[in-house]
Structure formats: C-alpha cells, structure tokens
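Engineer: The primary structure of each chain is shown beneath.
Protein chains: 2
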Amino acid sequence: MSIYDSLLQIPLFKGLSIESFNEIIEKYKFEFLSYDKGSVIIKAGEECNCFKFVISGSVRSEHINEKVKIKLYETISAPNDIISNYALGNNIYPVSVYAEDENTGILVVDKQDFLSIMQEHRVVMLNYLILLSRKGQIPFESYNKIATDNIRAKFALWVLYFTNYNSSDIMIKAKFRDLYLFFGAQRGAFNSVLEEMKGLGIIDFSVKDIHVLDRKLLMSYYREICDM
Amino acid sequence: MSIYDSLLQIPLFKGLSIESFNEIIEKYKFEFLSYDKGSVIIKAGEECNCFKFVISGSVRSEHINEKVKIKLYETISAPNDIISNYALGNNIYPVSVYAEDENTGILVVDKQDFLSIMQEHRVVMLNYLILLSRKGQIPFESYNKIATDNIRAKFALWVLYFTNYNSSDIMIKAKFRDLYLFFGAQRGAFNSVLEEMKGLGIIDFSVKDIHVLDRKLLMSYYREICDM
Numbered sequence: 026m027s028i029y030d031s032l033l034q035i036p037l038f039k040g041l042s043i044e045s046f047n048e049i050i051e052k053y054k055f056e057f058l059s060y061d062k063g064s065v066i067i068k069a070g071e072e073c074n075c076f077k078f079v080i081s082g083s084v085r086s087e088h089i090n091e092k093v094k095i096k097l098y099e100t101i102s103a104p105n106d107i108i109s110n111y112a113l114g115n116n117i118y119p120v121s122v123y124a125e126d127e128n129t130g131i132l133v134v135d136k137q138d139f140l141s142i143m144q145e146h147r148v149v150m151l152n153y154l155i156l157l158s159r160k161g162q163i164p165f166e167s168y169n170k171i172a173t174d175n176i177r178a179k180f181a182l183w184v185l186y187f188t189n190y191n192s193s194d195i196m197i198k199a200k201f202r203d204l205y206l207f208f209g210a211q212r213g214a215f216n217s218v219l220e221e222m223k224g225l226g227i228i229d230f231s232v233k234d235i236h237v238l239d240r241k242l243l244m245s246y247y248r249e250i251c252d253m
Numbered sequence: 026m027s028i029y030d031s032l033l034q035i036p037l038f039k040g041l042s043i044e045s046f047n048e049i050i051e052k053y054k055f056e057f058l059s060y061d062k063g064s065v066i067i068k069a070g071e072e073c074n075c076f077k078f079v080i081s082g083s084v085r086s087e088h089i090n091e092k093v094k095i096k097l098y099e100t101i102s103a104p105n106d107i108i109s110n111y112a113l114g115n116n117i118y119p120v121s122v123y124a125e126d127e128n129t130g131i132l133v134v135d136k137q138d139f140l141s142i143m144q145e146h147r148v149v150m151l152n153y154l155i156l157l158s159r160k161g162q163i164p165f166e167s168y169n170k171i172a173t174d175n176i177r178a179k180f181a182l183w184v185l186y187f188t189n190y191n192s193s194d195i196m197i198k199a200k201f202r203d204l205y206l207f208f209g210a211q212r213g214a215f216n217s218v219l220e221e222m223k224g225l226g227i228i229d230f231s232v233k234d235i236h237v238l239d240r241k242l243l244m245s246y247y248r249e250i251c252d253m
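Order-wise, the sequence lines are chains A and B.
In terms of this note's numbering, the first sequence opens at residue 26 and continues consecutively.
In terms of this note's numbering, the second sequence opens at residue 26 and continues consecutively.
Just so you know, these hints were derived from the structure itself, not from any lab.
When chains are identical, the list treats them as one kind, so a pair holds in a single copy or across two.
Result set (BS3-like, lysine-lysine): computed pairs, CA atoms no more than 30 Å apart in a straight line:
| hint | residue 1 | residue 2 |
| --- | --- | --- |
| 1 | K160 | K39 |
| 2 | K39 | K241 |
| 3 | K62 | K136 |
| 4 | K241 | K223 |
| 5 | K96 | K198 |
| 6 | K62 | K241 |
| 7 | K241 | K96 |
| 8 | K241 | K200 |
| 9 | K39 | K136 |
| 10 | K198 | K62 |
| 11 | K241 | K160 |
| 12 | K200 | K223 |
Please read these numbers as outputs of a predicted model, since none were measured by experiment.
Chain A on its own, in the form it takes in the complex (with noise of 0.2 Å):
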C-alpha cells in the first residue's frame, strides 16, 4: 500500500475523493514524521495541538491510572488517527503514546488547519462528528443496559470504552487485588469471569496481568451480556 493509499484510509479522510485530497495536501501543511522504536510520540499530560495520524507501522497507547494503580496498553496500527477525541474541549492528551515499530510514521496536521479542512470538506467534518458523537454515547447507552453488580459487563465495557475499536495486543497491568476494588467485586467472583473469558479465549491472563486476545470476541461477548 503507498503512503498515498494509507492517508485515504485514515477513518477521519475516508469518503474523501483522490481530487478533494489532492487540494487539501497542496493547500495545508502535512506534516511526516519518522519515529524509532520506543520513542515518545505523545506524553500524557502534554496539550493538543495538532491531529496526529499513524500512517506506517503501528504505536503503543499507554494509559495510568493513578487512583487504583491500573495501567492499559493498546497498540493501534497505521492507518488510524491518536487520541483524535481530545483537540477540543479539555485539550490535554490523558495517554502517552510511543512509537512501536522502527520508523514509524506520523502525519501531523495543525489543529486550526485541521478546522478549516473540515469546513471545507463535509465528509471529513461528519467523519469527526460521528467519531465524537459515538465517544460520548457509548457510555450513556452502557449506563441503561448493565446493572452495577454484573461484573462480567462492567470489566468488558471498561476495556472496549478504552480501548480503540480496531486496536490490538490489549494489555491490562495491575495487581489483582486493585482490580477487585476497581471493579467493586469478590475475589472469587472476579476470577470466575475472567475464567469464564479465558475459556471462551476472550482473554488470557497470569498473576500480574490480562492481555486481550480479540477485542472483536469481547465486543461480542458484551453485546450477548446486555441483551440479557
């Protein structure tokens, strides 16, 4: 796939036609970063700016939580958008980001320039409004579907509410008996979940940790949870 090929892949350009592109690259400046592997892309706690895109290779979201001692990895491959949801509003990034490959690639694109694009070209503006729009739904929706005690719902919503819905190699590190406060559960109910996950080959997980073999399985799992 050329460089060319991905930008037009990225969720926020899709519907965009080769010459409404071609305008927007010669109009504003994009800008192509080369990373190494590890290196910070984006620290937590940093403002935003710009819209950053990975366009080849893939970058590691790293997010803390410091309250409970939590911490989530996800990777998210090229073609995508970072953490797009916080340019406006509280514009501080709550993740760090690093890059995951040698070279990775990063399109930057200034956040005013991003506007003007958007009023410009609809189908970018309604690519973002949907993206948005479906950030601050999610939860609301969840809110009616679970109960507070359903523990299985509550671990799956937290990790997919998260997590982007096309990332990868989802990793959750903490000690377990965090996790139980977290989730307001037994100890022994907690580990019969994620058992229960584990056969179903949702996840796998040892003593300090729980990665996420197929965030599409737990999406599934969810939806059967709720429609309970």
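We have chain A already, so just place chain B on it with the hints.
Structural biologist: Just chain B now, with coordinates in the frame of chain A:
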C-alpha cells in the same frame, strides 16, 4: 429579552456576529413551533433528523432506564439546545421531552442545514465540536478519579453525566432497592450518603424520589470528592 437576543444566546450559536446570524436566517429555514404544556416535543426511540432548541419557556426531559426501573427528569430552560449530541452517530433519541410551559417556543433546524451552517461559520462548528468532545471526555476522566466503591462519587457522577450543565428541577424516581442495586451499594451506606447530601442542601428525598435542589452544588461536591 427579544426572540432575536434569545437565539444568539443558544450555546451552539454563541460568538456569532449579528451579521453572520442574519446571513444564516436568510439562507436557511428556521422553523418556529409553539407547544402546549405537557405536549410531546421528542419521543424516546424516535430518529433525530434535526436540531431542536428551546427558545422560550422550558422543557422537561424524561429518561427511563428500563433495565433497572429508574426514571430521571430534568428541566431545560430557554435558550438552549435539546439533546443535540444525538444528531449523529446513533441518531435515536434516548429520552422523551415535553413542553413544560404554555406556548413553549421551539426552533427546529434541519440536520443537513445545520451541517452547512457549521461549514460556513467556524464558531458554530467549534461550539458543537467542544460540546461533543466534552460529552465523551467526562466519563473517561471520571473513570480515573473514582474507585467503584465510592457511592458518593458514583451517585453524583451519574446525575451530572445524565443531566445538562444548566438544567434545573432534577428528579429521580425509583424504588430505593433498585437504586441500591444500580449503584452496587448496601442500603445503610446508600442512605447515609443521601442524608449527608440532604444536610448539605444538595438534595431532598422521600421514599419515592430524590430531588436535586442545586446542580452547581452537586458539581462542587463531586469535585471535592474526586480531589480527595
């Protein structure tokens, strides 16, 4: 306040110059409707094809959580938007909305027209992007601030998340045993929290309902808890 002034104070139109606003109303159809007290403006489950604004009087929003039999009511006063975050993504209204006054004035703008207005007037697009961004960011941020065994925080967050920042007369109708279950709390602990909040003048309650007396006070209370 004239209707004209009222329109310019709708949060999504804030910052528009009078010239820009005149341009908009000349170009696009702004439909003004009047509703009798108690009549239906929005029915939960209906598709959202337009943006609706309350421009005189007030409306009452009714949110029914079918799963746990908890009803939540709030009053939204003019000038304001009505659940504008359900125009895109999942565009099915999650709540019902009724006129609360005689001759409640509602402005209706077609969704496609509103998208065009956003493309032409950056300030309107920014207002909407910020509104949507915050709807998605708040639950994410809150998740990090509260442990799930903190009943005060969970109850406050739930009310704040489901109601508008400038709404009034918020009422929760539910059997108390459904509330214990929903918030994963013991009866005694939950009642202590309600008594504490009553003592602080934030809520009042009877055996059938909880009345939020001051949403701003609830917000301060929530912030204090989270900073602990």
